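So the chains spell out like this:
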Amino acid sequence: MNIKTPAKAGTMESNDIYVMVKPNDEGGIVIDLESIVMKQFGKQIEKVILNTLKDLGIDNIYVMAKDRGALDCTIQARIETAVKRGM
Amino acid sequence: MERLRRTMLFMPGNNPSMLQNSGILGADSIILDLEDAVSITEKDSARILVRNAVKNIDFYDTELVVRVNPLSSDFGMEDVDVIGRAKPDVLMIPKATEEDIEMVCEILTKIEEEEGFEKGSIKLFPLIETAYGVENVYSIIQSSTRIIGILLGAEDLTADLSIKRTREGKEIFYARSKIATACRACKVDAIDTPFADMDDLEGFVADIQTAKSLGLTGKAAINPRQVDTIHEVFAPSKEEITHAQRVIYAMEEAKKEGKGVFSLDGKMVDAPIITRAQNTIIKAKLAGLI
Chain F
1 MNIKTPAKAG
11 TMESNDIYVM
21 VKPNDEGGIV
31 IDLESIVMKQ
41 FGKQIEKVIL
51 NTLKDLGIDN
61 IYVMAKDRGA
71 LDCTIQARIE
81 TAVKRGM
Chain A
88 MERLRRTMLF
98 MPGNNPSMLQ
108 NSGILGADSI
118 ILDLEDAVSI
128 TEKDSARILV
138 RNAVKNIDFY
148 DTELVVRVNP
158 LSSDFGMEDV
168 DVIGRAKPDV
178 LMIPKATEED
188 IEMVCEILTK
198 IEEEEGFEKG
208 SIKLFPLIET
218 AYGVENVYSI
228 IQSSTRIIGI
238 LLGAEDLTAD
248 LSIKRTREGK
258 EIFYARSKIA
268 TACRACKVDA
278 IDTPFADMDD
288 LEGFVADIQT
298 AKSLGLTGKA
308 AINPRQVDTI
318 HEVFAPSKEE
328 ITHAQRVIYA
338 MEEAKKEGKG
348 VFSLDGKMVD
358 APIITRAQNT
368 IIKAKLAGLI
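Residue numbers (this note's numbering), protein chains in the order written: chain F, 1 to 87; chain A, 88 to 377.
Hints are computed from structural coordinates only; laboratory data are not their basis. Since the model is a prediction, treat every value here as computed from it, not as a measurement. Don't be surprised by glycine CBs; every beta carbon is placed ideally from N, CA and C. You may find that some hints are simply not true.
Simulated DEER-style distance windows between Cβ atoms [as the list claims (entries may be wrong)]:
| # | chain 1 | residue 1 | chain 2 | residue 2 | range |
| --- | --- | --- | --- | --- | --- |
| 1 | A | G290 | F | D59 | 37 to 47 Å |
| 2 | A | E222 | F | V37 | 51 to 61 Å |
| 3 | F | P6 | A | F260 | 51 to 61 Å |
| 4 | F | M38 | A | R271 | 31 to 41 Å |
| 5 | F | D59 | A | T253 | 15 to 25 Å |
| 6 | F | I29 | A | D161 | 50 to 60 Å |
| 7 | F | E13 | A | E165 | 24 to 34 Å |
| 8 | F | P6 | A | L248 | 42 to 52 Å |
| 9 | A | E222 | F | I31 | 23 to 33 Å |
| 10 | A | K174 | F | M87 | 25 to 35 Å |
Quick look at which bits of chain A chain F covers, simulated, 3 or more residues with Cβ under 8 Å [said to hold, decoys possible]:
| # | stretch |
| --- | --- |
| 11 | 110 to 116 |
| 12 | 170 to 177 |
| 13 | 205 to 213 |
Just need the whole structure built from these sequences, with the hints factored in.
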């Protein structure tokens, strides 16, 4: 499944994650992540984003995310919101 | 009274930082707010965030309440459906009417069946904040056994009545009394409206004392700083606890001697005094004071 339009969710506040999504015409999932805890948790955050997209049935998408120390359940919520807004 | 509900602390539903820390702030209940604290453009976002928070975050012993949007709005019904499936302890229903409660109960019963939750396990807390709500509070409480308490919302109520909200709160005397009496009659909690001025400690304490004196059993808070003050005012004093313990002891001694009526410190003790003493002991035990 693909999203139709660019959309965003979340904020740049502490413990949140700001997410922008747009259709990926070249196909596949591309994640561009920045995080204040990139060294410690970068891979884990990418995994959470990827799994959330899979659960939502999304195959083609470009995700730009700026993490401010969000918990996994917050990352999942912001990704889900952005995807649903882009549908 | 199953649990202590002296404070119910509001937390904005779209703020992850506040949500994840709300279980450690000392309030008896926290209210994750999807209504007034969330802008109209973020209702979808807050609903998903709160759903995930209810499912994943440890709130320890704090009672977890979610205030949904009014059922008459574009968001209320979806809030009930989505949040109900995450199974918070309680849903708070703004501007509640008997019809609203019936409608929510129908949805919750369906959710409980589908998700395998215990029937009737999601409780309700109607928010009384209209003239209609105040005049019909008893009937609203009676409309479902899920209801465990009522919260008075004085800002919306005074707006509905087209009257001014004041520091002293004389304008809500009737609503407070009516809600306290109806709640007591139905054995549910009566929670007072929040006090908005964070810099007016004297006015805040007086406001809690007024609510307590009229029979309200707790107070809503809008800032964690308000929690301890509310607990202090609502806790039974040392003197009240000692007196209650002496009444209970004297009652037990009188029973042993086969006396129906007895006196303590030269004053006759009858049923209402014993009931008050028993209530004080229950409150003190719940608050961990004895």
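#### Entry: Structure versus earlier hints, numbers of those that do not hold, lowest first
1, 4, 5, 6, 9, 11, 12, 13
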